Amino acid sequence: MIDNYLILPVAIHLFAAILLLFLWRRTVAHRIVSIATSFIVMLLSIRLFSKVYNGNILIMEAGSWKAPFGIVFVADVFSCTLVLLTSFAALAVSIFSSAGISRSRILYGYFPIFHFLVMGLNGAFLTGDIFNLYVWFEVIIISSFVLMTLGGRKAQVEGAVKYMAMNILASTFFLTGIGILYGITGTLNMADLSIKIAALENRNLVNITALFFIIGFGIKAAVFPLYFWLPSSYHTPPSAVVATFGGLLTKVGIYALFRISTLIFVPDEFTKNLLLFIAVFTILTGSFGALIKRNIRRMFSYLIVCHIGFMIGGLAMFTGVAITGALIYLFHDIMVKTNMFLIAGLIRQLKGTMNMDKLGGLYTDYPKISLLIAIVLFSLAGIPPLSGFWPKLYLFEAGFINRQYILIGAIIIGSFITLYVIAKMWADVFWKNPPENDGRGEELKDSFATLSLSKKTMLVSPIVFLAAISLYLGFCAQNITEVAERITSEMLDTTPYIEAVLGKTY
Amino acid sequence: MEILLLILIALLYSTGIYMLLRRSMVKLLIGLGLLGNGVNILIFLLGSITKGKPPVIDDKASLFRDIYADPIPQALILTAIVISFGLQAFAIVLLKRVYVLVNSDDLDDLNTPEEEDI
Chain F
1 MIDNYLILPV
11 AIHLFAAILL
21 LFLWRRTVAH
31 RIVSIATSFI
41 VMLLSIRLFS
51 KVYNGNILIM
61 EAGSWKAPFG
71 IVFVADVFSC
81 TLVLLTSFAA
91 LAVSIFSSAG
101 ISRSRILYGY
111 FPIFHFLVMG
121 LNGAFLTGDI
131 FNLYVWFEVI
141 IISSFVLMTL
151 GGRKAQVEGA
161 VKYMAMNILA
171 STFFLTGIGI
181 LYGITGTLNM
191 ADLSIKIAAL
201 ENRNLVNITA
211 LFFIIGFGIK
221 AAVFPLYFWL
231 PSSYHTPPSA
241 VVATFGGLLT
251 KVGIYALFRI
261 STLIFVPDEF
271 TKNLLLFIAV
281 FTILTGSFGA
291 LIKRNIRRMF
301 SYLIVCHIGF
311 MIGGLAMFTG
321 VAITGALIYL
331 FHDIMVKTNM
341 FLIAGLIRQL
351 KGTMNMDKLG
361 GLYTDYPKIS
371 LLIAIVLFSL
381 AGIPPLSGFW
391 PKLYLFEAGF
401 INRQYILIGA
411 IIIGSFITLY
421 VIAKMWADVF
431 WKNPPENDGR
441 GEELKDSFAT
451 LSLSKKTMLV
461 SPIVFLAAIS
471 LYLGFCAQNI
481 TEVAERITSE
491 MLDTTPYIEA
501 VLGKTY
Chain E
1 MEILLLILIA
11 LLYSTGIYML
21 LRRSMVKLLI
31 GLGLLGNGVN
41 ILIFLLGSIT
51 KGKPPVIDDK
61 ASLFRDIYAD
71 PIPQALILTA
81 IVISFGLQAF
91 AIVLLKRVYV
101 LVNSDDLDDL
111 NTPEEEDI
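Protein chains in written order, with this note's numbering: chain F, 1 to 506; chain E, 1 to 118.
Please keep in mind that the hints were generated in silico from the structure rather than gathered at the bench. Nothing here was measured: the structure is a model prediction, and the numbers come from that model. Mixed in with the good hints there might be a few duds.
As a list, the in silico BS3-like pairs of lysine-lysine whose alpha-carbon atoms are at most 30 Å apart [what the hints assert, rightly or not]:
{"hint": "1", "chain 1": "F", "residue 1": "K196", "chain 2": "E", "residue 2": "K53"}
{"hint": "2", "chain 1": "F", "residue 1": "K66", "chain 2": "E", "residue 2": "K51"}
{"hint": "3", "chain 1": "F", "residue 1": "K66", "chain 2": "F", "residue 2": "K293"}
{"hint": "4", "chain 1": "E", "residue 1": "K96", "chain 2": "F", "residue 2": "K162"}
{"hint": "5", "chain 1": "F", "residue 1": "K196", "chain 2": "F", "residue 2": "K66"}
{"hint": "6", "chain 1": "F", "residue 1": "K368", "chain 2": "F", "residue 2": "K272"}
{"hint": "7", "chain 1": "E", "residue 1": "K27", "chain 2": "F", "residue 2": "K162"}
{"hint": "8", "chain 1": "F", "residue 1": "K196", "chain 2": "E", "residue 2": "K96"}
{"hint": "9", "chain 1": "F", "residue 1": "K154", "chain 2": "E", "residue 2": "K27"}
{"hint": "10", "chain 1": "E", "residue 1": "K27", "chain 2": "F", "residue 2": "K66"}
{"hint": "11", "chain 1": "F", "residue 1": "K154", "chain 2": "E", "residue 2": "K96"}
{"hint": "12", "chain 1": "F", "residue 1": "K432", "chain 2": "F", "residue 2": "K66"}
{"hint": "13", "chain 1": "E", "residue 1": "K60", "chain 2": "F", "residue 2": "K504"}
{"hint": "14", "chain 1": "F", "residue 1": "K424", "chain 2": "F", "residue 2": "K456"}
{"hint": "15", "chain 1": "F", "residue 1": "K196", "chain 2": "E", "residue 2": "K27"}
{"hint": "16", "chain 1": "F", "residue 1": "K424", "chain 2": "F", "residue 2": "K368"}
Some residues of chain F that are not near chain E, with every Cβ distance over 12 Å (derived) [what the hints assert, rightly or not]:
{"hint": "17", "residue": "L14"}
{"hint": "18", "residue": "L107"}
{"hint": "19", "residue": "Y363"}
{"hint": "20", "residue": "I401"}
The beta-carbon is built from N, C-alpha and C at its ideal position, and this holds for glycine as well.
Make a model of the complete structure from these sequences and hints.
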């Protein structure tokens with residue numbers, strides 16, 4: 001069904017970003033416009049989700065060019081769920097940034113770039129054209145480069161070099177894949193590609209092309225052995241920026257992997273085994289890396305890598321149950337990872353550091369905030385009935401059905417280490433007495449207590465908001481499962497998607 | 001023509017990846033640039049090159065009698081060139097900044113130990 005409504009989450013962020021450019025150097029106006037935009041887009045995304053979930057797949061043909069020739073935007077349940085979750089995360093980050101990002105960064109255009117980034121994310125989720133997907137990826141990475149380097153401290157630009165080099169390389173691989181794909185099929189529309197690739201005789205050529213995409217998206221999603229840029233760059237920019245990156249950027253890679261492997265390159269035995277291998281090692285290396293890190297954000301960076309493996313594992317088994325589990329994990333992960341980095345930023349405000357050796361005694365100082373953080377940490381570790389628990393149930397079930405015992409073992413080890421790391425962090429940051437200052441180190445100061453009440457609210461309310469969504473994901477798992485099962489059925493039977501894009505008579 | 005382009009693509013890819021694997025930051029930049037050009041020519045080649053044919057098909061023609069030139073690869077390359085131009089411009093500025101701060105061209109020197117940050 002043709003409906004131009006679905007472009008609004010992209011267009012409004014674009015207009016907001018342009019408007020913010022005109023309000024250059026007016027920091028208060030920047031904050032207000034940013035929060036208002038994110039809020040409006042959230043409402044629109046909720047409406048878009050209910051439209052698509054209760055109705056048909058919506059499409060928009062850019063410039064009214066008919067489907068396989070022009071660029072189409074497609075909102076199926078998968079796309080609009082991710083747009084919805086992105087809008088939640090963007091609202092939380094907008095509010096947190098208003099208080100948590102320094103004035104000098106806002107003066108240099110933090111908010112316009114942030115909205116360009118969210119626009120790119122929404123565009124990548126909604127597009128139905130593979131080259132257009134590439135363009136959205138570039139919009140995302142160029143915005144993320146700017147956000148990552150804004151401020152220009154030494155550690156920041158050092159992290160940005162690794163981030164930049166790997167991401168440009170990933171785009172190059174992706175573009176190579178697109179080039180070959182266009183060469184062998186002569187189309188760029190994903191629905192059209194789905195039909196033409198399925199009809200191709202030369203499966204080896206298809207597999208090689210698929211590998212280019214897996215490498216490209218794999219670098220972006222930070223899977224083993226392509227993840228090393230992530231832990232060496234994600235601890236450098238401000239926490240609000242990393243919250244967007246950790247919660248959403250790697251997940252775009254996952255989204256794209258799910259989209260192409262269900263729609264275009266349906267995995268054969270070789271690709272499944274490859275993905276399984278990647279998943280197991282991603283979980284193990286990520287969790288072992290998290291064990292030894294003493295900086296909160298470095299530890300969380302490794303946990304991102306670890307949990308990416310869970311989703312790849314679900315995709316690798318490629319059955320209904322497994323994909324459902326991976327999708328629920330994806331929803332949970334977007335909310336929790338965004339929140340984790342916001343929490344890291346809050347801890348930095350509360351105690352002046354993110355080094356666990358220097359932290360301590362947060363529970364006695366701020367008991368209410370500590371309990372709030374505990375909820376999020378428990379969701380991440382997957383303690384029933386919180387949100388991290390349900391997807392693992394599905395993944396285990398799928399693992400037993402498919403007899404993938406190594407993957408099950410890896411998931412158990414990964415979950416256990418996550419729990420251990422979280423428990424260690426809880427003990428170090430919240431329970432331990434703060435270490436005595438021996439006079440050599442500089443005095444750590446609490447910059448939170450001196451803030452005005454409105455700033456305090458702006459720092460804490462996004463965490464409450466995201467924690468509430470995490471609790472909803474956990475306690476109303478029935479609803480979430482229904483959404484995930486609906487998406488899984490759309491993925492395994494792509495006929496409705498293709499018919500929606502190309503019409504009944506393709 | 002095709003075979004020449006093929007050799008050129010292979011050369012650009014291999015030198016690009018070789019340059020990426022070096023430790024110098026300037027060579028990293030050159031590598032990214034060469035790889036980007038390699039991809040552009042790859043798209044150009046795979047869009048099946050035709051000589052002297054119009055890209056527009058006659059309105060009244062009911063079926064393709066002749067090979068026509070495909071304009072899409074060129075549109076794709078144009079987009080890709082613009083994007084890679086922007087990325088490379090950013091990369092040059094970033095690496096210049098790193099060079100000023102670190103005072104070294106060696107990628108192995110980019111490991112400032114953990115520092116407190118925002």
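Checklist entry - Okay, which hints does this one fail, numbers in order? => result The structure conflicts with hints 3, 6, 8, 10, 12 and 15, although it agrees with all the remaining ones.
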